[in-house]
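K.L.:
Assemble the whole structure, with the sequences as input and the hints as a guide.
If you read the sequence shown in the working numbering, its first letter stands for residue 13, the second for the next number, and so on.
Take the hints with a grain of salt, since some may be wrong.
[Unchecked claim] Just the calculated beta-carbon pair ranges, DEER-fashion:
(1) GLN17 <-> GLN52: 45 to 55 Å
(2) ILE44 <-> SER22: 31 to 41 Å
(3) ALA31 <-> MET81: 44 to 54 Å
Keep in mind that the hints were calculated from the coordinates and are not lab data.
Don't be surprised by glycine CBs; every beta carbon is placed ideally from N, CA and C.
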Amino acid sequence: MVSTQDDELSAIRAQRLKAIQEQAQQQAVSQIEAEEKAQQAAQTAAQVDSTLRVAMTPDARSRVARIAMVDPTRAMAIKTTVASMYQSGQLDQPMSDASLKQMLASQSKSRNNASIRRI
13 MVSTQDDELS AIRAQRLKAI QEQAQQQAVS QIEAEEKAQQ AAQTAAQVDS
63 TLRVAMTPDA RSRVARIAMV DPTRAMAIKT TVASMYQSGQ LDQPMSDASL
113 KQMLASQSKS RNNASIRRI
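P.N.:
Structure below.
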């Protein structure tokens with residue numbers, strides 16, 4: 013009687029230990045994947061930033077930096093757009109602050125089409 017209870021208890025302990033080990037292994041794998049993803053994102057951001065040093069004037073880069081303080085996702089979209097324009101050869105010379113303003117104005121026109129009606 014006591015031996016069967018001990019056997020059951022040791023089986024439960026073994027199952028629990030196995031479950032804890034599997035959970036720890038899954039957490040380690042997910043942490044490694046998250047670190048790799050973060051490293052890849054940082055590397056991509058560094059490539060875009062190095063491209064922007066060539067593709068934009070200092071004034072335009074500072075404007076994008078100010079936009080990044082307010083809306084980081086919009087700033088990243090702007091950076092990738094300018095970088096792809098530069099890499100595809102659409103920019104003959106570095107993008108000035110004035111041409112960046114024009115690009116932002118054309119983008120914001122499409123964003124500001126919402127209308128508010130009173131009921």
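K.L.:
Against the range 44 to 54 Å, how does the distance between the Cβ atoms of ALA31 and MET81 compare: consistent or not?
P.N.:
About 46 Å separates the Cβ atoms of ALA31 and MET81, which means 44 to 54 Å holds.
K.L.:
Between GLN17 and GLN52, does the beta-carbon spacing fit 45 to 55 Å?
P.N.:
holds (53 Å)
K.L.:
Taking the Cβ atom of ILE44 and the Cβ atom of SER22, is their distance within the range 31 to 41 Å?
P.N.:
Check passed, 33 Å falls within 31 to 41 Å.
Hint compliance for this structure: every hint is met.
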